[in-house]
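**Student:** I would like the entire structure built from these sequences, with the hints used as guidance.
Those sequence lines, one after another, are chains A and B. For what it's worth, my numbering labels the leading residue of the first sequence as 1, then goes sequentially. For what it's worth, my numbering labels the leading residue of the second sequence as 448, then goes sequentially.
None of these hints come from the bench; they were simulated from the model. Note that CB positions come from ideal geometry on N, CA and C, so glycine has one too. Fair warning: there could be bad hints in the mix.
[What the hints assert, rightly or not] In silico lysine to any residue, SDA-like type, Cα no more than 25 Å apart, as pairs:
| # | chain 1 | residue 1 | chain 2 | residue 2 |
| --- | --- | --- | --- | --- |
| 1 | B | Lys653 | A | Leu315 |
| 2 | A | Lys77 | B | Val516 |
| 3 | B | Lys557 | A | Leu315 |
| 4 | A | Lys78 | B | Gly650 |
[To be verified] Not everything, but these chain A residues come out facing chain B in the computed CB check (under 7 Å):
| # | residue |
| --- | --- |
| 5 | Gly87 |
| 6 | Arg88 |
| 7 | Gln357 |
| 8 | Glu359 |
| 9 | Cys363 |
| 10 | Pro417 |
| 11 | Gln420 |
| 12 | Arg424 |
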Amino acid sequence: MKFKGGIHPHYRKVTADRPIRELPLLPRYIVPIGQHIGAPGEVIVERGQEVLRGQALTKPAGFVSVPVHAPTSGKIKKIADYAHPMGRPQLAIELIPDGEDRWSDEISPVGDWRELSPNILRDAIRDAGIVGMGGATFPTHVKLSPPADKPIDLLILNGAECEPYLTSDHRIMLESAADVNEGIGLMMRVLGVDKAVVGIENNKVDAREALAVSRPPGLDITYELLETKYPQGSEKHLIYALSGREVPAGGLPMDAGIVVQNVGTAAACLEAVRDGHPMTERVVTVTGGAVAHPDNLLVRVGTPLQDVIDFCGGLAVDTGKIIYGGPMMGMVQFDLDSPILKGTSGVLCLKDEEVSQFEGGPCIRCGNCVDACPMFLVPSQMGLLVERSRWEDLGDHHLSDCIECGSCAYVCPSRRPLVQYFKRGKLEWRAWQEKQQNESEQNNESA
Amino acid sequence: MLIPTAVLSGMGLIAGLGLAVAARVFAVETDPRQDAVNDVLPGANCGGCGFAGCSDFAAAVVDGKASPVDCPVCDDAARQAIGAVMGLEVATTQRQVALVMCQGDESVAKHSFRYNGQASCASADLYGGGDKVCLHGCLGLADCQAVCTFGAIEMTEQGIARVIPARCTGCGKCIAACPKHIVSLIPADAKVHVLCANTDKGGPAKRACDVACIGCKKCEKAFAEDPRITISNNLAYVDYENAPTDPGLVETCPTGALVFRDLNALDSDGKEVRPN
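**Tutor:** Take a look at the structure:
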């Protein structure tokens, strides 16, 4: 099934044929303690302490929280605020490797997932610090723990990779097809579902073939090719395209009986159970016109951006922008010290001429954004409301259903910063609602 | 020609009479004191008191729900006048004005990237705290100016906000609008100010901005006893309850974050005279 709206940007997936290469050990790593949605963990190591690869550096603070682990063996130099990809400096652990890269003694295989109970598997996934690797970084064990009143009957695997430039999921599906399939089986066992569908855009036919060939016997996994269109990889659109179900406004996939996971996350879950390896590395696509040798790299979490770029031949003189993630939804970086996180799927380095720098003009009411919006919203009107600080009217326009995919801003001939408006608007709308609630509570008390 | 004129005049007369009667019959009884209070109020309907406007505030004062001092815009004379209408004893208060605690304009503050999004401080602040290296500095996108009903905030040519004390009424709207929380209400008579809000340690603060307070404590040490400036969290704070008045004090500051500025000394435009 096809969803309405969306856009067809230039895909520029130039690294699709590049096999994954491992980045050599570096002289320092900066591991932020907050790399996921939810509460950052509590630091359980000290300055000067020797740690081994895979050793937990934090412990989860609450249910929606996961630990981070040492990317290699070495000594902790400092625990302080460091540059963070989200912009503001955040608490991070600086690790100076000893060069031996020794695994911690505590790392041992959990067992064969076919014989372990879902609870044990879920705990292993949490302790390995696994989060959604597509970029949203929601803790995976939470997604795999649906409440009892939301029965799940289908697991959907996201291999769409609809963002231009990115090829990390593509390479994982090609090179680790067996691991991905086993990981899917593991997740199916945790959720207690007998059916899984992998959604892959039809510009990656080889990835579908690789997965289909290595499908483990006895598992009901199907592999569907989807139209190549942005945002095909959005959770809600993938669900619609593969199952025809719609997630209700303000709801989660589990309201439609579905859990969606990234293909890379599936492979990481398998590694956590089969080998006991926590999430200390991930595949990152380093690409764009401003790097000399675009490539797919296996990078340890906490690697400073500068080292990744140096490995790919350094930056061009006329670099205009560096983005973590894809060009549509990624985060712009301004500090070459900011580390690769668990959710960093790509490092996109663009030349000045590849970047469009502009100042938005007034809305000309052409309606292009309305056609492009895959959530059936009216971006033009919402943008105007935010521009005029009319927060109280945003709820009527269902701003909270905006997935911030950027399709509206992509087609806007007036080049309005629409996504920025909506990010601000969401915060202000929430603040306005809270204020109204507080006032009505006060009135009730005084009455 | 005569007939239309007569008809129109007649209609006007009848409608006028109707209105006159209606005004008498349906007249709403108001407390005369409410009008008297309303006459004294500034009439800017700024909302700084928390009520919908000046007449709403006047009604609240008459009902005893608000005190004359709740209007932040009224000067002392106006408050006394309200007190006289209401038969209340109103304590004399000191005039307060807003002050932007930042001098980090284009000439001295460093940038970490180029921001080209929505021209609003609150929106820019969502992106890593804005384009300045200093996370506490004025972003210069005029959110405070936009909410000021009195035209008391100007953006300097070097791109930061500056309050014109003669026009500032101390309503406090700019304080709520600033995402960096660097606008404060201070007594208008105070003359020595720390125009910096950076709580980083000395090194990072100085790298971010030439005129940052580096928390060196030199100004604090100028007071052997009876401290009037204290350092806390790497930043100097003036004790405005007991404000220092000595112009020589600014000499102790190595970066220029401590300034002497007489907010009551104004030039003909109503703008303050810049020291130096």
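**Student:** Is the interface hint satisfied for Gln357/A? The criterion is a beta-carbon contact with chain B at less than 7 Å.
**Tutor:** At about 6 Å, which falls below the 7 Å cut-off, the nearest Cβ of chain B leaves the hint on Gln357/A intact, so it holds.
**Student:** Regarding the hint that Arg424/A lies at the interface with chain B, is the smallest CB-CB distance below 7 Å?
**Tutor:** Arg424/A check passes; min Cβ-Cβ to chain B is 5 Å, inside 7 Å.
**Student:** Double-check Gly87/A for me: the hint is only fine if its C-beta lies closer than 7 Å to a C-beta in chain B.
**Tutor:** Interface hint status for Gly87/A: holds (2 Å vs cutoff 7 Å).
**Student:** Going straight from one Cα to the other, do Lys77/A and Val516/B come out at no more than 25 Å?
**Tutor:** 56 Å, violated
**Student:** Holds or violated: are the alpha carbons of Lys557/B and Leu315/A at most 25 Å from each other?
**Tutor:** Distance of about 23 Å is within 25 Å: holds.
**Student:** Going by Cβ atoms only, is Arg88/A closer than 7 Å to chain B?
**Tutor:** Hint on Arg88/A: holds, closest Cβ of chain B at ~5 Å, below 7 Å.
**Student:** Does Leu315/A sit within 25 Å of Lys653/B, going by the straight-line distance between their CA atoms?
**Tutor:** 29 Å, violated
**Student:** Sort out whether Gly650/B lies within 25 Å of Lys78/A, counting only the CA atoms.
**Tutor:** Judged against 25 Å, a Cα distance of about 17 Å means the pair holds.
**Student:** Against chain B, is Gln420/A within 7 Å by beta-carbon distance?
**Tutor:** Hint holds; Gln420/A Cβ to chain B Cβ min 5 Å, cut 7 Å.
**Student:** Closer than 7 Å between Cβ atoms is the bar; does Pro417/A clear it against chain B? Give me holds or violated.
**Tutor:** Holds - the Cβ of Pro417/A comes within 7 Å of chain B, reaching about 5 Å at its closest.
**Student:** Under 7 Å is the threshold here; is the Cβ of Cys363/A close enough to any Cβ of chain B for the hint to stand?
**Tutor:** 13 Å, violated
**Student:** Given Glu359/A as an interface hint, is the shortest Cβ-Cβ distance to chain B below 7 Å?
**Tutor:** Given a least distance of 6 Å, the restraint on Glu359/A holds.
The structure shown violates the earlier hints numbered 1, 2, 9.
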